[in-house]
Amino acid sequence: MNPIKIFLFVFLLIAGSEYGQAQQFYRFKADISVKDKLVDGTYRLTMGKVYYDKLYKKIVYKLNFPNIETMVIQDTTLFKIDKTNKLIESSRTFLIPDFTVFHLALTGKLSDYGLKAAANDRAIYKIGKVEKDEKGLTTTWVPAEKEFKKVFGDIKMLTINKKLDAMIFYNAKGKIVSRQFFKKYVNVKGVEFPTEVTMISYAEDGRVNTQLTTYKNVLIDQNNEDEIYRYRIPITKSVTAKK
Amino acid sequence: MKIRYTGLVLLFCSISLFSIAKETAQPFDYDENQMTQEFEKLNRIEEFVSKNKGLDIKELEKVNPQLLSDIEIRQEATMTFDTKDELPLGVPSFWWGCCLGGLGILLVYIFSDEDKEQTKKAFYGCLVSGATAAVLYLGYFLFLATTAASVTY
Chain C
18 MNPIKIFLFV FLLIAGSEYG QAQQFYRFKA DISVKDKLVD GTYRLTMGKV
68 YYDKLYKKIV YKLNFPNIET MVIQDTTLFK IDKTNKLIES SRTFLIPDFT
118 VFHLALTGKL SDYGLKAAAN DRAIYKIGKV EKDEKGLTTT WVPAEKEFKK
168 VFGDIKMLTI NKKLDAMIFY NAKGKIVSRQ FFKKYVNVKG VEFPTEVTMI
218 SYAEDGRVNT QLTTYKNVLI DQNNEDEIYR YRIPITKSVT AKK
Chain A
1082 MKIRYTGLVL LFCSISLFSI AKETAQPFDY DENQMTQEFE KLNRIEEFVS
1132 KNKGLDIKEL EKVNPQLLSD IEIRQEATMT FDTKDELPLG VPSFWWGCCL
1182 GGLGILLVYI FSDEDKEQTK KAFYGCLVSG ATAAVLYLGY FLFLATTAAS
1232 VTY
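For the record, the sequence lines run as chains C and A.
Numbering-wise, the numbering used here puts 216 at position 199 of the first sequence, and it's gapless, one number per residue.
Numbering-wise, the numbering used here puts 1231 at position 150 of the second sequence, and it's gapless, one number per residue.
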């Protein structure tokens, strides 16, 4: 066999695998706007920028409205920092970076919202049913084990052209507790990301909580502003600190 | 694996704090026009703030109060999963104390991240349940005493 061809083959094999490695996206940044209509009829508007680094597992919100402040979510703790970089308060949060839309988009798992368990992981959900119609592909995820069925309800997922379009969360009794929609996808450096995410949650008495999050100027793998991605929580507390 | 498990449990807990009385007919239906109408006033505020960098809500109240005049807007930022005012299972603090007594108070204290207000509510719940039990016992003993006194041999 021609040695040049062998060399080219090996070279392309290595180059291809290097390219594959380089596609491990790790940083996300965007302008964010969150609009809430709450069950009591009041509204909320939050504007600023969001930064996420997959390696540090830190979500940093640099907000300018309603107040100029920074919020950092790290290890299920939410830290609120004022504009003078003093800690205002810290509190427990349910948010885990691995299940944010940022992390899932960077790791290419947004299409199934990360529900598919990895090879050696214990599955919490399994695919119960798959249906195809004119809307797209509807997958019903059901709790994988009997014990989980007492706590978790099913999750229905609609994907259109392999992109997550909507999710319906049911409680263990089969009632809808939340609907989420993922619209207006953009492709930035190969990362597919929905620039409009709507969440509609339902209270027990039927009242509705609506949240619309929009993202603009999405940046992937930004190589500056390191100090924001790694945001160091200040030790000094503000005089108005609650904790 | 632990992170995924914990993450899913917490994600579902946060969503399960609500439940609906009836299921919508077409759950995947999404009305974009309705969303636009729903947030029309907020969209106007957003547009104004975007064009005027550095404006926070207090500055906006001075510069363009009309934008805020016919909408009740909260002063704090949204944090979807900020659980400061919520407890697991969506059970109010009062009932934790009322049903579980001292254990309920301790659980509220831990889950609410040492929130004094929430812990106080659990304590009141415990007091109410204790007082109710005391009244019931008193009533029971009075009943027994009355019954015993009315027995003739």
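Among these hints, one or two may not hold up.
To be verified - Pairwise CB distance ranges, derived in the manner of DEER restraints: (1) A:Glu1113 with C:Asn226: 25 to 33 angstroms; (2) A:Phe1129 with C:Asn226: 22 to 30 angstroms; (3) C:Asp150 with A:Asp1112: 15 to 23 angstroms; (4) C:Lys103 with A:Ala1212: 40 to 48 angstroms; (5) C:Arg224 with A:Ala1212: 43 to 51 angstroms; (6) C:Leu236 with A:Asp1112: 49 to 57 angstroms; (7) A:Glu1140 with C:Leu236: 40 to 48 angstroms.
Calculated directly from the structure, the hints in this document are not laboratory data.
Ideal Cβ positions, reconstructed from N, Cα and C, are used throughout, including at glycine.
Quiz prompt | Beta-carbon spacing of Lys103 of chain C to Ala1212 of chain A - inside the hinted bounds 40 to 48 angstroms or not | solution = holds, 44 angstroms
Exercise. Starting from the hint 15 to 23 angstroms, judge whether the C-beta atoms of Asp150 of chain C and Asp1112 of chain A obey it.
Key: holds, 20 angstroms
Quiz item: Within 22 to 30 angstroms or not, the Cβ separation of Phe1129 of chain A and Asn226 of chain C?
Solution: Because 25 angstroms falls inside the window, the suggested range holds.
Quiz item: CB of Leu236 of chain C to CB of Asp1112 of chain A, is that within 49 to 57 angstroms?
Solution: Once the Cβ atoms are compared, 31 angstroms apart, the range 49 to 57 angstroms for Asp1112 of chain A and Leu236 of chain C is violated.
Exercise. Using the Cβ atoms, figure out if Glu1140 of chain A sits within 40 to 48 angstroms of Leu236 of chain C.
Key: Given range 40 to 48 angstroms: violated, Cβ gap about 28 angstroms.
Quiz item: Taking 25 to 33 angstroms as the hint, is the beta-carbon distance of Glu1113 of chain A and Asn226 of chain C inside that range?
Solution: violated, 19 angstroms
Exercise. Could you tell me whether the CB distance from Arg224 of chain C to Ala1212 of chain A stays inside 43 to 51 angstroms?
Key: violated, 33 angstroms
When held up to the earlier numbered hints, the structure conflicts with 1, 5, 6 and 7 and fits the remainder.
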